[in-house]
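Peer 1: Chain residues, written in single-letter form:
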Amino acid sequence: MLIDDNQKSLDMLSSIFHGFGVKEQIKCESAIAATDILKRRMVDLVLVDCSMPEMDGYDFVRWLRRETTPPLRYVPIIMLTGHAAQSLVHKSRDCGASFVVAKPLTPAVLLKRILWLGMDERQFVEADDYVGPDRRVRNFGPPLGQPGRRAGDLSTHVGAASEPNLDQADIDMLLKPQRVVL
Amino acid sequence: MTGARLVTVKSGLARQLSRPGGRSLADAERLADAALQTHRTDAFDELGRLVAQLETACTTRSPEDRVRAYALGASIVDLAGFFDTGPFYDAAYSLCDLIDRSRDSPLWSWDAVQVHVQALRLLHLAGLGNAGPDAAGLVAGLRRVVAAILD
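Sequences listed follow chains G and Y, in order.
Going by the numbering used here, the first residue of the first sequence is number 1, and it counts up by one from there.
Going by the numbering used here, the first residue of the second sequence is number 1, and it counts up by one from there.
One thing to keep in mind: the hints can contain errors.
Within a straight-line C-alpha distance of at most 30 Å, the following computed DSS-like cross-link-like pairs (lysine-lysine) qualify [said to hold, decoys possible]:
no.: 1; chain 1: G; residue 1: K39; chain 2: G; residue 2: K8
no.: 2; chain 1: G; residue 1: K8; chain 2: G; residue 2: K23
no.: 3; chain 1: G; residue 1: K91; chain 2: Y; residue 2: K10
no.: 4; chain 1: G; residue 1: K8; chain 2: G; residue 2: K27
no.: 5; chain 1: G; residue 1: K27; chain 2: G; residue 2: K112
no.: 6; chain 1: G; residue 1: K91; chain 2: G; residue 2: K27
no.: 7; chain 1: G; residue 1: K176; chain 2: Y; residue 2: K10
no.: 8; chain 1: G; residue 1: K112; chain 2: G; residue 2: K8
no.: 9; chain 1: Y; residue 1: K10; chain 2: G; residue 2: K8
no.: 10; chain 1: G; residue 1: K112; chain 2: Y; residue 2: K10
no.: 11; chain 1: G; residue 1: K39; chain 2: G; residue 2: K23
no.: 12; chain 1: G; residue 1: K39; chain 2: G; residue 2: K91
no.: 13; chain 1: G; residue 1: K112; chain 2: G; residue 2: K91
no.: 14; chain 1: G; residue 1: K91; chain 2: G; residue 2: K176
no.: 15; chain 1: Y; residue 1: K10; chain 2: G; residue 2: K27
No wet-lab data here; the hints were simulated from the structure.
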């Protein structure tokens, strides 16, 4: 599903997706029209422009993430932005889009993002103030010296050894190159 | 902190992409590029019309024109962002930054907006993406204008 109030942009997006080999496309010139369609049918991917009159892209994504039911609620959404107005940075971060792609946009970039989303294994977070894919794309654990906020975060306290240390000979054996006999 | 529920999802997109067959990535990219280029002339003309509307707004300079000028600038960024328009895109982005950060403040300057619009016209006449070596200097000059007004 492609949503953009600018007919020219919509046509160009559609051409790009035809080039990708996507034959079935739903083109909407407003987010409100898109909501009507999504109440009736499922889609695999949504591309939405952020800036539109009446209902903008951010409000559309919030609606989709909060007011619809699974599996539609979890559909991947790529939001396209041109100029990022200062007042909308937080709205963009919090709306729940799967990916925000800033212009200039090339088919190669768009294709990479779509492939990335196809392999995206992030969980969905449903909380009072946010519904959308986990924004922590990489998990390097909690910051040093701070307790983690994830249920699966390990304690930063190492604790005492529960087994005897390796002696130097064992360590040397681990590092020593050995001939492999096949 | 309120409780957050975590849900593991396998999307329809992932299933579609993992199905055998379809186009190779190189073909998909090449065909999409070719399809996009068929819109280049129309988009170029549309960008010219948007710049003309900005020129009109700079002449009338009404309070409503401030809002309109941002909308026009954003439309230019949106449209130019589909192609490699380089300095033209950068000039339009600089215009949007200027308007976004000053339209509700005493720093607002129609002259600064007009300089941007004149630069956009110049770059449009030079052809998108073919503006020559002076274009980078022009965009750098626009950034200095924005900095002088806002910083």
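Peer 1: Work down the list of hints and note, for each, if the structure agrees.
Peer 2: How the hints compare with the structure:
{"no.": "1", "hint": "G:K39 to G:K8", "verdict": "26 Å, holds"}
{"no.": "2", "hint": "G:K8 to G:K23", "verdict": "19 Å, holds"}
{"no.": "3", "hint": "G:K91 to Y:K10", "verdict": "26 Å, holds"}
{"no.": "4", "hint": "G:K8 to G:K27", "verdict": "12 Å, holds"}
{"no.": "5", "hint": "G:K27 to G:K112", "verdict": "22 Å, holds"}
{"no.": "6", "hint": "G:K91 to G:K27", "verdict": "24 Å, holds"}
{"no.": "7", "hint": "G:K176 to Y:K10", "verdict": "45 Å, violated"}
{"no.": "8", "hint": "G:K112 to G:K8", "verdict": "23 Å, holds"}
{"no.": "9", "hint": "Y:K10 to G:K8", "verdict": "33 Å, violated"}
{"no.": "10", "hint": "G:K112 to Y:K10", "verdict": "19 Å, holds"}
{"no.": "11", "hint": "G:K39 to G:K23", "verdict": "22 Å, holds"}
{"no.": "12", "hint": "G:K39 to G:K91", "verdict": "24 Å, holds"}
{"no.": "13", "hint": "G:K112 to G:K91", "verdict": "25 Å, holds"}
{"no.": "14", "hint": "G:K91 to G:K176", "verdict": "56 Å, violated"}
{"no.": "15", "hint": "Y:K10 to G:K27", "verdict": "25 Å, holds"}
Hints 7, 9, 14 from the earlier list are contradicted by this structure; the remaining hints agree with it.
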